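Protein sequence lines, in the order shown, are assigned to chains A and B. Quick note on numbering: the first sequence equals residues 1 to 181 in the working numbering. Quick note on numbering: the second sequence equals residues 1 to 358 in the working numbering.
A couple of the hints might just be wrong.
Here are the computed lysine-lysine pairs in the DSS-like style, where the Cα-Cα straight-line distance is at most 27 Å [what the hints assert, rightly or not]:
no.	chain 1	residue 1	chain 2	residue 2
1	A	178	A	123
2	A	14	A	59
3	A	70	A	123
4	A	178	B	353
5	A	55	B	353
6	A	55	B	319
7	B	156	A	174
8	B	305	B	176
9	A	174	A	163
10	B	156	B	305
11	A	124	A	178
12	A	125	B	316
13	B	337	A	163
14	A	17	B	156
15	A	6	A	17
16	A	124	A	138
17	B	42	A	181
18	B	72	A	70
19	A	70	A	17
20	B	353	A	14
21	A	181	A	136
22	A	17	B	358
23	A	14	B	72
24	B	353	B	288
25	A	17	B	353
26	B	316	B	156
27	B	288	A	59
28	B	353	A	59
29	A	70	A	59
30	A	124	A	59
31	B	337	B	353
32	B	319	B	288
33	A	138	A	174
34	B	316	A	17
35	B	226	A	17
36	B	72	A	17
37	B	156	A	6
38	B	305	B	274
39	B	226	B	274
40	A	138	A	181
Everything labelled a hint here was simulated from the structure, so no lab data went into it. Predicted model only: the values in this text are computed from it and were never measured.
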Amino acid sequence: MNAALKEQWDELRKGNKEALFSLYNSMYFHLVRYGLLQRAEEELVKDCINQLFLKLWEKQNTLSEVHDVKSYLLTAFRRLIQDELAYQQKMDVALLYLADSGPQNELSYEELLINSQQSDLLKKKLHQAIDQLTPKQKEHIKLKFFEGLTYEQIAQQNTLSVKTAYNTIYDAIKTLRKLLK
Amino acid sequence: MRFNEFQAEDFVCDQSFQEYCLGTNSHSVIFWENWISSHPQKQIDIEEATRLFALLSVNQGNIKEQLWQLKKGLDNSDAFRVQVSSRKQPKPRRWLPAFLKISVPLAAASIFLLAYQRRWFSAASSSKNSEINYYHTGEGKQTLVLDDGSLVTLQKHSSLTLHDHFSSTNRTVFLKGQAYFNVSPNKNLPFVVQTNLTRITVLSTSFSVREDLEKGISETILISGKVVVNSNRHPEDPVTILPHQKFVYQRFRDNGLPKPSIGNRPPDEVGIQKLEKGNSEISWIRKKIDISNQNLEQIAAILQKWYGITILFDDKEVKSYRYTGVFQHENILSILKTLQMSYPFHFRVADNKIYISK
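Just chain A, with the same shape it has in the complex (with noise of 0.2 Å):
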């Protein structure tokens, strides 16, 4: 992937606005997770996302060789939501954020689905649910739906068929589904 994203990052800087959108593509679920994950919220998260990418295109020019594209991204993204979070005026989460800003802190998957959800009865259901599924379950939940790998991927991370992980997925929506209702 990196010397994909470095070919991307050089076309870019030669002005090939091509360039840009693969680079979108290939980034666009990293930084989206990265950031939700930070404890932004998904509104500000993907208007961040725009945001960093207009900014690489209006300074393509000056935009310097990098060896980890990935890394810059994300740090590069970082501040953007800091920023921004600060512009906002939510200074007790920007501190909040500044505070304890490094990998340690990240919300888990779990806090983070719980978190998302609006109203408190949905928060509670949702947090009941997740109570009824395995340990195995939700790390295949987080897998699957959170960062998006296939079932052929999960399988071999865990070294198990496909079909088991279909199977592990299928049952803790079943089960998810039912709880939600």
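The hints should help you fit chain B onto chain A, whose structure is shown.
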């Protein structure tokens, strides 16, 4: 088909349904949009599946829609930059050959120009693999120049998705809403417009499609050429329509609501109507454009507004060229080509914008 048996959890767990929700695979997007609309009885399951997927993915969003937002943002910032400073082209320019400046009899010239233009487009498209394959209009209409040289004018609140590898292995697009098409001829790759209700195969032509999903009505109006329409429900029964005919397809709905009707025709009916002269249904695209001794800058402003495509000037001088003429039933490229005949200038299409120069 196996999907008929699906419940919400089956949809959520289906790999291609997930790709449809995230917009990561055009083929899946087109397949599911089409499938969902032709299976209204599964709507509740689909809605539940979509909600559950959004919840579990923490609303990560649809990448096609997000990329389109970025594209809009870029266009705005580009337009802003053009306003504040005169534009410097970073890329080498592609001019039409100089001998085209010589005034020649109109008919011969336009044939040649068309042929040339097409070659130019295919050369341009082979060198890139466009990442933008989703277009969406808000309050205004917009004209798109596709990689194969075809023109599409999208009416407001409409969207167009191009199939993966559009113009290299296929020319299939998926339309929601209303659009006017001006298709560049290519016998080997038929141009296919897939809508929720119908599938329209085009054999070099211009036509307008309107789809109203609320009412379950799809209309195709042919201006010139020849098209074949298949309804998605009865694909085995194609209908060929001829110029100035309107094809109406209305889907039968069994949702218990009163049936909408066009005239007195029963539901799920296919009908062909002859289009009256001066019919207002295509007036949104067929406007008489009257130019009397206006300069190119003013003309560009009129065309830009009417067709919904950005027109930029690479040279200042060319803005003051003056023209007179009346245009009716023409697309924007043919208007520009006709203007070129009376006093020459150059234009090129790049990135869905038209650049005019000396």
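Verification of the hints:
1. 178(A) / 123(A): Within the cut-off at roughly 16 Å; holds.
2. 14(A) / 59(A): The hint holds at about 11 Å.
3. 70(A) / 123(A): Violated - the C-alpha atoms of residue 123(A) and residue 70(A) are around 33 Å apart, more than 27 Å.
4. 178(A) / 353(B): Answer violated: residue 178(A) to residue 353(B) is near 51 Å, above 27 Å.
5. 55(A) / 353(B): Holds, at roughly 21 Å.
6. 55(A) / 319(B): violated (31 Å)
7. 156(B) / 174(A): Violated, at roughly 40 Å.
8. 305(B) / 176(B): Holds - the C-alpha atoms of residue 176(B) and residue 305(B) are around 22 Å apart, at most 27 Å.
9. 174(A) / 163(A): holds (16 Å)
10. 156(B) / 305(B): Status holds; Cα separation ~13 Å.
11. 124(A) / 178(A): OK: residue 124(A) and residue 178(A) at ~15 Å, within 27 Å.
12. 125(A) / 316(B): violated (64 Å)
13. 337(B) / 163(A): violated (60 Å)
14. 17(A) / 156(B): holds (26 Å)
15. 6(A) / 17(A): Within the cut-off at roughly 15 Å; holds.
16. 124(A) / 138(A): holds (17 Å)
17. 42(B) / 181(A): Given that 27 Å is the threshold and the Cα spacing comes to 18 Å, the pair holds.
18. 72(B) / 70(A): holds (24 Å)
19. 70(A) / 17(A): Roughly 19 Å between the alpha carbons, so the hint for residue 70(A) and residue 17(A) holds.
20. 353(B) / 14(A): holds (20 Å)
21. 181(A) / 136(A): It holds: about 23 Å lies between the C-alpha atoms, which stays within 27 Å.
22. 17(A) / 358(B): holds (25 Å)
23. 14(A) / 72(B): holds (21 Å)
24. 353(B) / 288(B): With Cα atoms ~23 Å apart, residue 353(B) and residue 288(B) stay inside 27 Å; holds.
25. 17(A) / 353(B): It holds: about 14 Å lies between the C-alpha atoms, which stays within 27 Å.
26. 316(B) / 156(B): Roughly 32 Å separates the two Cα atoms, so the pair is violated.
27. 288(B) / 59(A): violated (43 Å)
28. 353(B) / 59(A): At roughly 21 Å apart (the allowed maximum being 27 Å), residue 59(A) and residue 353(B) satisfy the hint.
29. 70(A) / 59(A): The hint holds at about 18 Å.
30. 124(A) / 59(A): Roughly 46 Å separates the two Cα atoms, so the pair is violated.
31. 337(B) / 353(B): holds (16 Å)
32. 319(B) / 288(B): holds (22 Å)
33. 138(A) / 174(A): holds (13 Å)
34. 316(B) / 17(A): holds (25 Å)
35. 226(B) / 17(A): violated (37 Å)
36. 72(B) / 17(A): holds (13 Å)
37. 156(B) / 6(A): violated (38 Å)
38. 305(B) / 274(B): violated (31 Å)
39. 226(B) / 274(B): holds (15 Å)
40. 138(A) / 181(A): With a Cα-Cα distance of about 19 Å, the restraint between residue 138(A) and residue 181(A) holds, given a limit of 27 Å.
Violated hints for the displayed structure, listed by number in ascending order: 3, 4, 6, 7, 12, 13, 26, 27, 30, 35, 37 and 38.
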